Structures are given as C-alpha cells and as structure tokens.
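Colleague: Chain by chain, the residues:
There are 2 protein chains.
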Amino acid sequence: MNKLKQKILAEVEEDLSEIETALRENLNPHFDLVRETASHILFSGGKRLRPLLMVLCGRLCGYSGDYDKIFSVVFEYLHAATLLHDDLVDGASLRRGKPTAHSVWDNSTAVLVGDFLLARSLSIGTETGNLKIIRIISEITENMSQGEIRQLMRKGNLKLSEAEYMDIIRCKNAVLIQGACRVGALIADAGEEEESALSAYGFNLGIAFQMADDLLDYTSDSGTLGKNVGADLKEGKLTLPVISSLEAADPIDRDEMEEIIKNKDFSLRDFERLVEMLEIYGGIRYTKHQATRYVEQAKEAISIFKNSKTKQILLNIADFALSRKH
Amino acid sequence: MNKLKQKILAEVEEDLSEIETALRENLNPHFDLVRETASHILFSGGKRLRPLLMVLCGRLCGYSGDYDKIFSVVFEYLHAATLLHDDLVDGASLRRGKPTAHSVWDNSTAVLVGDFLLARSLSIGTETGNLKIIRIISEITENMSQGEIRQLMRKGNLKLSEAEYMDIIRCKNAVLIQGACRVGALIADAGEEEESALSAYGFNLGIAFQMADDLLDYTSDSGTLGKNVGADLKEGKLTLPVISSLEAADPIDRDEMEEIIKNKDFSLRDFERLVEMLEIYGGIRYTKHQATRYVEQAKEAISIFKNSKTKQILLNIADFALSRKH
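Read top to bottom, the protein sequences are chains A and B. Start counting at 1 in the first sequence, then tack on 1, and there's your number in the working numbering. Start counting at 1 in the second sequence, then tack on 1, and there's your number in the working numbering.
This is chain A alone, in the form it adopts within the complex:
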C-alpha cells in the first residue's frame, strides 16, 4: 500500500468503520437475495470514497450531527447500483479480482438488485425532506443513466473524440462524486460559497479519479488491478490514453493500433504493442497530465477553507487519485 493511502486510511479509520456499519445496517432488514447480491458488490473491497467524501465535506463545513454516516450510504448505493448494471452491460467477468454479480448469480438478479439499490438511495434521500438534496440525487441518477447510454452507443467506436469521452466520464463518474461533496455541504447548512467550492472539488476529483482509473488499464498488471488485461478495450471502451494516441499517431501506426483494438481477442503481445504506442504517441503522458490538472483544480477549489485536519485529508485524497496502483 502506498504511503499516502496509509496516511489517509489512518486518519479516516473511524469514519470508514462507521460507514461500514451504516451500510450493513441499512441492508439488514432486506431479503436474503438482496443482501447477498448487494453485499457481494458492496463488501468486496470498495474504497467507500463517495460516502467518505460526503462525511468529510460535511465536517469541513462544521457538521457535527450523527446522521451523516447513515445518509452517506446513498452515495455508495448509487455507485454499486451503477456497477451492477454497468458490469452486465459491459459483459465484464471480474471486478476487483472477484467474479461480477451477474456471473455469480444471473442478469436478472443484477438488474433487480441494482434497481433496488437505486430505489433505496432515493428513499433515503427523500427522508431528509431537503429538496435541494433530493434534486441532487435525481440529477446524479439522470446523469449516470445518460452517461451509460452514451457509452453504450459509442461502444467500439474508434472515432470517439476527447470531448465525447469527457462528457461520458462527467455524467458517469464526476457528477456522483460532485453530488456527494455538495450534499456534505448541504447537511451542514453551509453557505453558497462553501457549497460551490465543494461541488467544484468533487467534480474535478471525480474526473481525475476516472482518468487515473482509465490509465491503470494500461499501466498496471491485471493481478494488481483485479480485472482482466486490457479489459476496457475488450469491452469496446476507448479511454483517453487511447483516444489521444490515436489522434497523434501517423497513419500507419494508427492502422496498426486500430487493428489491435478492433480484434477483441488480441494477444498479450498485441496489447503490449499497443501500450508501447500509447507511450510513443504520448497518450499515457497526456492523460497523466490532464489528471494532474484536475487534481490541482480540485485542491484549488477548497482553498477558501481555512486549514484543518479535515481539509488536509481532502487534499491528500486528491493527491491519492494520481498515486494509486489499483
């Protein structure tokens, strides 16, 4: 485990353990099938990044009640619901090194338990009686669904532009993390300035995390990553390292890259050749550069808050986006 991660974890240990408890307790009253399937995806080594961010942002704005952990499960449920449907849509067989829910159970179970988690998020959100919070949850849901559909429509499309890629990760990833941070401000009754600062922090962090995630497909081995080698490509997903390298490549190399990408049964050798091209044409470098830029923007966004232990953790989490190995 890298040092930054160790440091963050040591500081949020108690929060994380309370979030775990809230996640388990909220699932307990439900049927076995929901509990088992939802637990499979919820308790398989997820980072709890989204609930944690909500809790930390609430604290940064002075929240001191005891409802934050309970409410934070909304953001893990929304995340897990998307993963359940997403893995099915992608035909992914592994997530975090474990077989995906639709391969352990079946498509039906993955669909319905995803629906259930979405419905639960909504119910918990509605219980707050806070219209602004409810609107955020509804926007997240609509954006995530639009992002998924855009991604599906562009699956295998070798002409995917950087703008289209950005639009997809904005909808699918950034809006959720942004919402979690913004809701943190809202439960603390923070002012508009704090709310929009944390909203910007979350948005930029969400983009950076996804770019870093997309990089890992080309810079990490599958054992560390817990998915199959070249999983994104096999699922027909073009991400920034590939998009920007394809744009920069000369015609002959681009043809070679496209051949590898189009052939879903590419060999490990083919994949290594592709990664070499991503190095040559700067796709990996460019993606790292962009992710770094978003991390900087995330950190800059919270400069309005005075220094505190909580602020430091948020800054560390932003830096962690760039340093993680899986």
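Hints are computed from structural coordinates only; laboratory data are not their basis. Check the hints yourself; a few may be wrong.
One copy or two, it doesn't matter: identical chains are merged, so the pair holds either way.
Unchecked claim - Mimicking DMTMM-like on lysine to aspartate or glutamate, the simulated pairs with C-alpha atoms at most 25 Å apart in a straight line are: (1) K133 to E260; (2) K4 to E21; (3) K156 to D107; (4) K238 to E37; (5) K235 to D271; (6) K133 to D190; (7) K48 to D251; (8) K235 to D107; (9) K238 to D107; (10) K265 to D107; (11) K300 to D233; (12) K289 to D251; (13) K48 to E194; (14) K289 to D107; (15) K156 to E37; (16) K310 to D168.
Here the structure is a predicted model, which is why all the values come from computation and not from measurement.
Let chain A serve as the given structure and place chain B on it in line with the hints.
Modeller: Coordinates of chain B only, in the frame set by chain A:
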C-alpha cells in the same frame, strides 16, 4: 372492442391524445437510442391507464391547471421502466403481440433505457418541489423493485401462497396505480379525505387489474392477448387461478397439475388440461370473484365524491377491469 371500453375511450379521447403528446414531447430531446427503445415500449398499444387515472383523479378533485398531462408521464415511464426490466428478467419474447425490447435490441439496452426512464420519472417528480409527491414516487419505486425481487426469488416455486401472491401484486402493480390516483388528488390540493379515498380507489383497482390480467393467461387465446400461450407459467410465474386450484385439488390431480407446470415445454394439450383443472377446482372462478370484490371496493372508495362525468368514468374504468379481453 367491448362497449364499456368504447364508452370510456370516447369520453377520455382528448385526455389520451394530450397524454400521448406529453409522452412524445418529453422523449424528444433525448438520444436516438433512448427514443427508439423507449418508444418501442411506450408506443406499442399501452392503455395509458396510469397517466389517465392521475389526470381524472386530479379533475375529480377540481384541478384545472395545465400541468397534469405533463406530470402524468411519470406514471407511464415508471410502468415502462418496470416492463423493460421485467421482460428481461422473465425472458419474455412477446409483449402486446410485439417482440420485447431486449429481444429487438439487447439486454444492455433494455437495462439502461429502463434506468433512464426511472431517472426521468424521478426528475419530473422532483420538479414539482412537492415533498409528498416525491415521497410517493420514491415509495412506488422501492415497492416495485421489492415486488420484482420477491417474484424472482419465488420463481417456479409451487408452494407460493395466496398471501405471497397478494404481496407481490401489491408491490408490483397496485402501489403504482394507487400512487397515480393519489398524486392526482395532491396536484389538485385536495383534502385528506379525498386523497385517501382516491388512494384506496387506486389500490383496489390496481389489484383487480392484475388479477384480471392473470386470469387472461388462462381464459384468452394468445392472438388476443399478444403473448405466448401459457406465458406466465413458462416464465415460472404462479398466479392466483393456479395457486388456489393447487390448494383445492386432490393429491392425484395436484400431482398432474404440478407435472405440467414444472415442465416448461408443456404442449398445448397439457395446457388445456391444466385450464380444465383450473375450472374444476375453481381457481378461475375464485380469481374472478376476488377481482370483482376489489372492483367493488374501488368503486365504494369514491362514493364520497358527488356524481359527475369524471366520477362516472372512474367507475366505468373499475368495471372495465373485469370485462377486458386483453
């Protein structure tokens, strides 16, 4: 078309056409894939029962604004979202005589477009800024998802009890129609007495409609029904006509019925034999009797309203539940 249906349709013609317009206009700004897939399920001969009920219940309580049709799409979207996921879960190949969405497109599309329609419902609901309405939508969503999961868990279970069956159709069907009627009262700012009367009307009507629907599987030919012969049984769904006949049957006949049910490839002859048993052991009669009872309760519930054209339509719709052929 039966006379009652003709009569109802003549009286709600304008409402239905405005609901159609609202449904189309709401879909127009969205991507082709959503529009096509959603249109496939939305514009394939659905009755628009749910939005229509919302509009009529609003009018009964004195609503005279112009937001009702736009808002009523929520209930058709929620319905369509469930159908998309439901057909996938059931592996159903036909709905209303047309191939189901997941067979025309694929599982991924059906899942994501269902998610999208659910998210849209939520957004439209949230736009009202009315917490009571938002809570109802959230309850509907949670109930429908729980009903689906319960049904999935009990799929093929020959020991399904009448109480379990009632619980499933309550969650999956009645709560949505109940919610549509109740929201009609709410948009009209009706008093609590009206709200709970229409809530009871909708609940009882929803149960009656589903029982009538379940009966059609055993009393209608597949041409009229637009599904395959014995579709419910082939999908492992035990409904009231079968449940109550199994309970009443003597051991030998019960064994024979169970053999037919367990063999998903039953012949037309087997199916006819089963229907004969449902006649002998009173399952069809009992279901008709129960559906009639719920229709009477629905009508009784709105006795607090003074007579009007709108009330008469609601009474006719309740009677129609029992008389429809598909």
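Colleague: Between the shortest in-copy and the shortest cross-copy C-alpha distance, which are at most 25 Å for K289 and D251: within, between, both, or neither?
Modeller: within (22 Å within a copy, 73 Å between copies)
Colleague: Taking 25 Å as the upper bound on the Cα-Cα distance, should K265 and D107 be classified as within, between, both, or neither?
Modeller: This pair counts as both: shortest intra-copy Cα distance 23 Å, inter-copy 19 Å.
Colleague: Is it within, between, both, or neither for K238 and E37, if the alpha carbons may be no more than 25 Å apart?
Modeller: This pair counts as between: shortest inter-copy Cα distance 23 Å, intra-copy 29 Å.
Colleague: Tell me, please, which holds for K133 and D190 at an alpha-carbon limit of 25 Å: within, between, both or neither?
Modeller: both (11 Å within a copy, 23 Å between copies)
Colleague: Cα distance capped at 25 Å. Does K156 pair with E37 within a copy, between copies, both, or neither?
Modeller: between (31 Å within a copy, 18 Å between copies)
Colleague: Please work out whether the CA atoms of K300 and D233 approach to 25 Å or closer within one copy, between two copies, in both situations, or in neither?
Modeller: Close neither inside one copy (29 Å) nor across copies (56 Å); limit 25 Å.
Colleague: When no copy is named, should K48 and E194 be tagged within, between, both, or neither for a Cα gap of at most 25 Å?
Modeller: Classified as neither: same-chain Cα gap 28 Å, cross-chain 49 Å, threshold 25 Å.
Colleague: Can you give me the call for K238 and D107, within, between, both or neither, at a CA distance of at most 25 Å?
Modeller: both (23 Å within a copy, 18 Å between copies)
Colleague: Using 25 Å as the alpha carbon limit, work out where K310 and D168 are close: within a copy, between copies, both or neither.
Modeller: Result: close neither inside a copy nor across copies, 34 Å intra and 50 Å inter.
Colleague: Checking K156 and D107: alpha-carbon separation at most 25 Å within a copy, between copies, both or neither?
Modeller: The answer is both: 23 Å in one copy and 14 Å across copies each meet 25 Å.
Colleague: At most 25 Å between CA atoms: does that hold for K289 and D107 within a copy, between copies, both, or neither?
Modeller: neither (37 Å within a copy, 35 Å between copies)
Colleague: Can you tell me if K48 and D251 fall within 25 Å by alpha carbon in one copy, between copies, both or neither?
Modeller: Neither way: K48 and D251 sit 40 Å apart in one copy and 57 Å across, limit 25 Å.
Hint check: violations occur at hints 1, 7, 11, 13, 14 and 16; the rest are consistent with the structure.
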